[in-house]
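**Student:** Here is what each chain is made of, one letter per residue.
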Amino acid sequence: MSTPKTPLNKSGDELVASYYDLHEHAHPDGYSTNLGFWIYLMSDCLIFAMLFATFGVLGGNYAGGEGPRTLFNLPLVALNTSMLLFSSITYGFSMIAMQSGKKNATLIWLFITLLFGLAFLTIELTEFHELIESGNGPQRSAFLSSFFTLVGTHGLHVTFGSIWLVTLMVQVGRFGLTAANQRRLQCLSLFWHFLDVVWIGVFTFVYLMGTLR
Amino acid sequence: MADHSHHNDHGHGDHGHDSGFHASMKDYVIGFVLSVILTAIPFWLVMTGALHSPAATGLVIMGFAAVQIVVHMVYFLHMSPKVEGGQNLLALIFTLIIVMIVLSGSMWVMFHLNQNMMPMPATMDGMG
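Heads up: the protein sequence lines correspond to chains A and B, in order. Everything in the first sequence is counted per the numbering used here, starting at -9 for the first residue and increasing by one. Everything in the second sequence is counted per the numbering used here, starting at -19 for the first residue and increasing by one.
Read the hints as simulated data drawn from the structure, not as lab findings. Everything numeric in this text was worked out from a predicted model, so none of it was measured. Cβ atoms here follow ideal geometry from the backbone N, Cα and C, with glycine treated the same way. Honestly, I wouldn't trust all of these hints.
To be verified - Facing chain A, a subset of chain B residues (Cβ under 8 Å, in silico):
id: 1; residue: S15
id: 2; residue: I17
id: 3; residue: L31
id: 4; residue: P34
id: 5; residue: F56
id: 6; residue: Q67
id: 7; residue: N68
Unchecked claim - What follows is a list of derived Cβ distance ranges for each label pair:
id: 8; chain 1: A; residue 1: V6; chain 2: B; residue 2: V50; range: 41 to 49 Å
id: 9; chain 1: B; residue 1: V16; chain 2: A; residue 2: T149; range: 39 to 47 Å
id: 10; chain 1: B; residue 1: A36; chain 2: A; residue 2: R164; range: 52 to 60 Å
id: 11; chain 1: B; residue 1: G85; chain 2: A; residue 2: E4; range: 46 to 54 Å
id: 12; chain 1: B; residue 1: G85; chain 2: A; residue 2: S8; range: 43 to 51 Å
id: 13; chain 1: A; residue 1: P128; chain 2: B; residue 2: V82; range: 17 to 25 Å
id: 14; chain 1: A; residue 1: S90; chain 2: B; residue 2: V16; range: 23 to 31 Å
id: 15; chain 1: A; residue 1: V6; chain 2: B; residue 2: K6; range: 50 to 58 Å
id: 16; chain 1: A; residue 1: T168; chain 2: B; residue 2: V9; range: 27 to 35 Å
id: 17; chain 1: A; residue 1: A7; chain 2: B; residue 2: P61; range: 33 to 41 Å
id: 18; chain 1: B; residue 1: G43; chain 2: A; residue 2: L69; range: 17 to 25 Å
id: 19; chain 1: B; residue 1: A20; chain 2: A; residue 2: Y30; range: 26 to 34 Å
Claimed, not checked - Sample of chain A residues lacking proximity to chain B, with all beta carbon distances greater than 12 Å (derived):
id: 20; residue: S1
id: 21; residue: L31
id: 22; residue: G127
id: 23; residue: Q161
Produce the entire structure from the sequences given, and follow the hints as far as they go.
**Tutor:** Pasting the structure below:
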């Protein structure tokens, strides 16, 4: 590769090097992962904001069909909410076990978290199934389209979080609580608690406010 | 708790990769108890209709949601100005501003559109 000389008598590489910081400094492994992951979560937050706005705008259009008051089963939603809350604190316990270097305790708490996550998904899918079976699928009205999109997107996040959780359990099981695995567990911790924050919005705006409409 | 035992090699001064969020049992328990209370009350209010006014109930449960989100941010997500030199917090505040604009803007615009584009006296139900 021939690099043409520049008027300043610098080779191309030197010129590039003088403008850009090409050399990796001795950053510790995973430097700024936390901030980067947080910014990813914030972009996710914007996606949910769009879906909440869509639900807010369309959520009152029932197209002559049933509304939230008759469709939503609040005791079931309360149960679902408690599953997610429990999974948050059990994930917290696994982080505490991780910080004190207890591999088995970390894995056990992660497994319990997974069970709560799966219970949440099961309840949500049951709810979706009942809605669709009774002719209130996403195609029924604008209200139901936006409902399924918003709540379904949250459910998808929980699904991928659960897959990620299983992946990390395998990682920790095979390689132990290495620095890299700890970093991954911390990222998933942010992700998992963040989903709980989104769910606060879902149960408040979609289920509770919907029932009040 | 041996917090810093496994982060010995901070090659780069202050901004080590562990970023300072060290969970403590106390944080999680406080966060959990507050969350249970802040979740139970809105559900109870809506399910029993204790306030007798949907508008008032709506405002109250929105207040509870806002407080609970802050509780989660502080006790579970360990948000504080200290983490990553406050950059996480700045990103969060920026996002919240955008979220507020998106939500309030959409609702405001669409509410007025609905008002201005409903010339027919008949209900719009069934036209979808």
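**Student:** Hint P34/B vs chain A: min CB-CB distance below 8 Å?
**Tutor:** 4 Å, holds
**Student:** Under 8 Å is the threshold here; is the Cβ of Q67/B close enough to any Cβ of chain A for the hint to stand?
**Tutor:** Hint holds; Q67/B Cβ to chain A Cβ min 5 Å, cut 8 Å.
**Student:** Does the CB of L31/B sit less than 8 Å away from some CB of chain A?
**Tutor:** Hint violated; L31/B Cβ to chain A Cβ min 10 Å, cut 8 Å.
**Student:** Is the interface hint satisfied for I17/B? The criterion is a beta-carbon contact with chain A at less than 8 Å.
**Tutor:** Check failed: Cβ of I17/B comes no nearer than 11 Å to chain A, outside 8 Å.
**Student:** Can you tell me whether the CB distance of G85/B to S8/A sits inside 43 to 51 Å?
**Tutor:** Holds, at about 45 Å.
**Student:** 39 to 47 Å was suggested as the range; check whether the CB atoms of V16/B and T149/A agree with it.
**Tutor:** 25 Å, violated
**Student:** Hey, does the N68/B contact hint survive, CB to chain A under 8 Å?
**Tutor:** 5 Å, holds
**Student:** Measuring from beta carbon to beta carbon, are T168/A and V9/B in 27 to 35 Å?
**Tutor:** 28 Å, holds
**Student:** Just double-check L31/A for me: nearest Cβ-Cβ distance to chain B has to come out over 12 Å.
**Tutor:** 9 Å, violated
**Student:** Using the Cβ atoms, figure out if V6/A sits within 50 to 58 Å of K6/B.
**Tutor:** 51 Å, holds
**Student:** Confirm or reject: Q161/A is not an interface residue toward chain B, with every Cβ-Cβ distance exceeding 12 Å.
**Tutor:** For Q161/A, whose nearest Cβ neighbour in chain B is about 17 Å away, the distance exceeds 12 Å, so it holds.
**Student:** Holds or violated: 17 to 25 Å for the Cβ distance of P128/A and V82/B?
**Tutor:** Since the Cβ atoms of P128/A and V82/B sit about 22 Å apart, the hinted range of 17 to 25 Å holds.
When the structure is compared with the earlier hints, violations turn up for hints 2, 3, 9, 21 and for no others.
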